[in-house]
Amino acid sequence: MIIDINFIGLIIASIMASAVPLILASCGELITERSGVLNLGVEGMMIIGAISGFALMTVTGSLIIAVFGAMLAGVLISTIFAFLTQTLITNHVATGLALTIFGIGISAMIGKNFVGIPGKEFPVFFEGLKDTIPLLGPILFGHSIVFYFAFALPFVTSYFLKKTKIGLIVRAVGDSPESASNQGINVKLVRYACILYGGAMSGLAGAYLSMIYTPQWIENMTGGRGWIALALVVFSTWNPIKILIGAMIFGGLTIIQFHMQAIGVRIPVQFLTALPYIVTIIVLVVISRDSRKIRLSTPSSLGKSFHKDN
Amino acid sequence: MHKFLIRSFVSSLVLLFTFTVAAVAKDVKAAFVYIGPTGDHGWTYQHDVGRKAVEAAGFKTTYVEGVPESADAERVLRQLANSGHDVIFTTSFGYMNPTNKVAKEFPNVKFEHATGYKREHPNVSTYAARFYEGRTILGTIAGTMTKSNVIGYVASFPIPEVIRGINSFTLAAQKVNPNIKTKIVWAFTWYDPGKEAEAAKALIDQGADVIAQHTDSTAIVQMAEKAGVYAFGQASDMDKFAPKAVLTSVENNWGPYYVDRVKAVANGTWSQKDTWHGIGDGMVVISDLDSQMPADLRSKVKKLQADLASGKVHSFTGPIYDQKGNLMVAEGKTADDGMLAGMMTYVKGVEGDIPK
Numbered sequence: 001m002i003i004d005i006n007f008i009g010l011i012i013a014s015i016m017a018s019a020v021p022l023i024l025a026s027c028g029e030l031i032t033e034r035s036g037v038l039n040l041g042v043e044g045m046m047i048i049g050a051i052s053g054f055a056l057m058t059v060t061g062s063l064i065i066a067v068f069g070a071m072l073a074g075v076l077i078s079t080i081f082a083f084l085t086q087t088l089i090t091n092h093v094a095t096g097l098a099l100t101i102f103g104i105g106i107s108a109m110i111g112k113n114f115v116g117i118p119g120k121e122f123p124v125f126f127e128g129l130k131d132t133i134p135l136l137g138p139i140l141f142g143h144s145i146v147f148y149f150a151f152a153l154p155f156v157t158s159y160f161l162k163k164t165k166i167g168l169i170v171r172a173v174g175d176s177p178e179s180a181s182n183q184g185i186n187v188k189l190v191r192y193a194c195i196l197y198g199g200a201m202s203g204l205a206g207a208y209l210s211m212i213y214t215p216q217w218i219e220n221m222t223g224g225r226g227w228i229a230l231a232l233v234v235f236s237t238w239n240p241i242k243i244l245i246g247a248m249i250f251g252g253l254t255i256i257q258f259h260m261q262a263i264g265v266r267i268p269v270q271f272l273t274a275l276p277y278i279v280t281i282i283v284l285v286v287i288s289r290d291s292r293k294i295r296l297s298t299p300s301s302l303g304k305s306f307h308k309d310n
Numbered sequence: 001m002h003k004f005l006i007r008s009f010v011s012s013l014v015l016l017f018t019f020t021v022a023a024v025a026k027d028v029k030a031a032f033v034y035i036g037p038t039g040d041h042g043w044t045y046q047h048d049v050g051r052k053a054v055e056a057a058g059f060k061t062t063y064v065e066g067v068p069e070s071a072d073a074e075r076v077l078r079q080l081a082n083s084g085h086d087v088i089f090t091t092s093f094g095y096m097n098p099t100n101k102v103a104k105e106f107p108n109v110k111f112e113h114a115t116g117y118k119r120e121h122p123n124v125s126t127y128a129a130r131f132y133e134g135r136t137i138l139g140t141i142a143g144t145m146t147k148s149n150v151i152g153y154v155a156s157f158p159i160p161e162v163i164r165g166i167n168s169f170t171l172a173a174q175k176v177n178p179n180i181k182t183k184i185v186w187a188f189t190w191y192d193p194g195k196e197a198e199a200a201k202a203l204i205d206q207g208a209d210v211i212a213q214h215t216d217s218t219a220i221v222q223m224a225e226k227a228g229v230y231a232f233g234q235a236s237d238m239d240k241f242a243p244k245a246v247l248t249s250v251e252n253n254w255g256p257y258y259v260d261r262v263k264a265v266a267n268g269t270w271s272q273k274d275t276w277h278g279i280g281d282g283m284v285v286i287s288d289l290d291s292q293m294p295a296d297l298r299s300k301v302k303k304l305q306a307d308l309a310s311g312k313v314h315s316f317t318g319p320i321y322d323q324k325g326n327l328m329v330a331e332g333k334t335a336d337d338g339m340l341a342g343m344m345t346y347v348k349g350v351e352g353d354i355p356k
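From first to last, the protein sequence lines are chains A and B. Quick note: the first sequence uses the numbering used here, first residue 1, plus one each step. Quick note: the second sequence uses the numbering used here, first residue 1, plus one each step.
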């Protein structure tokens with residue numbers, strides 16, 4: 001085995017690439033949950049994004065249309081969820097689960113004609129600079145636009161929630177919809193917007209999988225990543241920076257366990273396979289021990305329906 | 001408009017023809033039960049290609065996809081048997097007991113179970129393919145084409161089918177290149193493109209320059225293409241997904257068998273059989289050999305393919321030793337089908353342990 005500094009750079013780069021869909025979907029869901037809405041349909045929205053992106057890319061040949069189309073598809077399917085939970089006041093958990101089942105089913109139906117078609121090459125930036133800096137070269141350069149966007153997103157999200165007025169409104173709606181409503185904030189409108197934003201990010205996460213990471217369509221290709229994204233939001237205690245850490249640990253252990261197998265480390269393979277799940281939870285629980293901070297960042301009205309009496 | 005008219009005329013002719021043939025064939029109806037979705041572009045997809053061949057031969061077919069290997073399977077089978085199907089193909093190992101159970105209740109319906117070994121009633125046949133013969137060919141190519149002498153192998157689950165494949169592949173590779181090492185990574189999934197790609201990437205980062213796979217998606221050959229190493233297609237011809245990386249593919253070709261068996265039902269000549277077909281009978285097909293392979297390798301592979309088909313060469317010819325050096329197959333002997341069916345030990349030269 002060759003251990004040199006570039007080899008480590010390569011491994012870190014592949015870990016980051018595998019973390020991208022988790023970061024995107026989690027940061028989207030984080031905004032939704034911060035507004036007090038629990039949307040368990042992430043997996044369903046992701047798979048819809050995956051098939052929409054792939055189908056649009058194949059049909060129109062345009063990557064830009066495909067990426068934005070996938071986000072739009074995520075928005076459309078989350079509109080169903082928003083209408084049901086916000087306008088018809090249905091239960092968040094049941095509706096979210098239904099959304100996932102619906103997404104998996106309808107993506108399979110649309111996808112029938114797209115099985116067995118190779119994807120297109122997605123443009124990457126600064127490919128030539130990869131070898132200019134040791135270690136950092138492969139980490140910083142030669143990635144797609146979605147990759148860079150995903151790694152900026154947690155910081156933007158954090159800034160948005162902490163420092164902007166709209167961020168404050170979102171948090172207010174999530175913590176106490178009644179007070180927010182009394183202040184003249186349209187709770188339903190804010191929640192609609194947050195749900196739709198979550199849908200767009202999940203759609204983008206799905207499109208990343210079907211267009212960039214493994215350019216192809218097969219049924220169920222998200223493989224449960226939506227559920228992991230959901231878990232990351234909770235275990236990070238609704239903190240976007242911790243989502244980034246959690247996604248990197250999860251992606252990292254998935255990849256490192258394959259390396260350990262290939263080197264021939266004599267640890268039961270089943271244990272190695274379970275490792276990413278176990279360690280991610282432990283680490284996030286440990287770094288989020290401060291109960292005061294948890295209370296502060298947990299949206300108090302999470303999953304509760306808001307019905308304005310008038 | 002002209003074209004449209006011609007097209008509709010032709011398609012109605014085809015339809016008419018199909019109906020006529022179906023009428024001649026006494027309206028035999030065949031049903032297929034699938035473990036996965038037909039859109040997996042792997043195991044189930046290839047069975048469905050076989051089903052379409054039956055349809056093209058003029059028979060009516062139905063299929064049920066995503067049937068769990070549980071009591072659900074029994075329910076689905078009973079329903080299919082009840083609704084006038086004459087022959088039912090159950091295409092996953094786990095349908096073994098449900099198939100035999102329901103077969104007892106419907107003695108007039110024929111049952112065909114893939115990859116199993118139980119034929120408890122006269123109306124149950126079993127069939128499987130000798131994919132390991134294909135892997136002998138892949139091993140020969142891999143052993144010749146590798147420069148780093150490290151060959152990566154992404155495996156799914158530790159069952160005899162997969163172990164047999166790893167062994168057959170490694171034996172063939174060692175024969176042409178005694179210095180090679182086969183590194184195995186278990187993905188513990190049949191298809192999850194993301195995971196498979198990550199497994200392949202790990203093997204490539206560790207120096208493997210040829211990647212073989214026993215999982216179903218095309219993510220591995222795509223990863224190989226990106227990294228500039230060689231790979232082999234699994235279940236279907238994956239060349240178009242990675243034109244530079246894919247040297248050849250081992251295709252599962254169920255169509256001819258399915259057509260044969262449905263025709264036998266129609267003619268009344270169906271009888272119980274245990275089929276284990278390989279390259280010779282066309283159930284295992286080797287796709288076109290890539291022109292990147294040197295000409296002498298290509299002709300060597302062609303000859304090996306012909307010898308495997310005729311039975312002149314067997315994938316497991318002694319002397320074969322296991323990892324500890326114990327003799328598995330004596331010199332001049334070949335492994336019998338019983339040994340192949342239950343193979344759960346690595347041969348010498350494979351690295352690591354089989355996950356327990």
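Some hints here could point you the wrong way.
Claimed, not checked - Here are the computed lysine-lysine pairs in the PhoX-like style, where the Cα-Cα straight-line distance is at most 20 Å:
hint: 1; chain 1: B; residue 1: 147; chain 2: B; residue 2: 226
hint: 2; chain 1: B; residue 1: 181; chain 2: A; residue 2: 120
hint: 3; chain 1: B; residue 1: 175; chain 2: B; residue 2: 356
hint: 4; chain 1: B; residue 1: 52; chain 2: B; residue 2: 175
hint: 5; chain 1: B; residue 1: 181; chain 2: B; residue 2: 147
hint: 6; chain 1: B; residue 1: 175; chain 2: A; residue 2: 112
hint: 7; chain 1: B; residue 1: 104; chain 2: B; residue 2: 118
hint: 8; chain 1: B; residue 1: 324; chain 2: B; residue 2: 300
hint: 9; chain 1: B; residue 1: 333; chain 2: B; residue 2: 52
hint: 10; chain 1: B; residue 1: 333; chain 2: B; residue 2: 356
hint: 11; chain 1: B; residue 1: 244; chain 2: B; residue 2: 147
hint: 12; chain 1: A; residue 1: 112; chain 2: B; residue 2: 240
hint: 13; chain 1: A; residue 1: 120; chain 2: B; residue 2: 147
hint: 14; chain 1: A; residue 1: 162; chain 2: A; residue 2: 293
hint: 15; chain 1: B; residue 1: 303; chain 2: A; residue 2: 130
hint: 16; chain 1: B; residue 1: 312; chain 2: B; residue 2: 175
hint: 17; chain 1: B; residue 1: 302; chain 2: A; residue 2: 120
hint: 18; chain 1: B; residue 1: 147; chain 2: B; residue 2: 118
Claimed, not checked - Just some of the chain A residues that point at chain B, by a computed CB distance under 7 Å:
hint: 19; residue: 91
hint: 20; residue: 139
hint: 21; residue: 219
Honestly, the hints are just simulated from the structure, not real lab data. Beta carbons are placed, not taken as given, at the ideal position from N, Cα and C, and that holds for glycine.
Results of checking the hints against the structure:
1. B:147 <-> B:226: holds (18 Å)
2. B:181 <-> A:120: violated (34 Å)
3. B:175 <-> B:356: Roughly 28 Å separates the two Cα atoms, so the pair is violated.
4. B:52 <-> B:175: This hinted pair is violated, its Cα atoms lying about 39 Å apart.
5. B:181 <-> B:147: holds (12 Å)
6. B:175 <-> A:112: violated (42 Å)
7. B:104 <-> B:118: Satisfied, since the Cα-Cα distance of roughly 13 Å is no more than 20 Å.
8. B:324 <-> B:300: Roughly 31 Å separates the two Cα atoms, so the pair is violated.
9. B:333 <-> B:52: violated (40 Å)
10. B:333 <-> B:356: violated (29 Å)
11. B:244 <-> B:147: Holds: residue 244 of chain B and residue 147 of chain B sit about 17 Å apart, inside 20 Å.
12. A:112 <-> B:240: Satisfied, since the Cα-Cα distance of roughly 18 Å is no more than 20 Å.
13. A:120 <-> B:147: violated (29 Å)
14. A:162 <-> A:293: At roughly 14 Å apart (the allowed maximum being 20 Å), residue 293 of chain A and residue 162 of chain A satisfy the hint.
15. B:303 <-> A:130: Judged against 20 Å, a Cα distance of about 44 Å means the pair is violated.
16. B:312 <-> B:175: Measuring from Cα to Cα gives roughly 17 Å; hence the hint holds.
17. B:302 <-> A:120: violated (33 Å)
18. B:147 <-> B:118: violated (45 Å)
19. 91: violated (27 Å)
20. 139: violated (14 Å)
21. 219: holds (4 Å)
In the structure shown, a violation is registered for the earlier hints numbered 2, 3, 4, 6, 8, 9, 10, 13, 15, 17, 18, 19 and 20, in ascending order.
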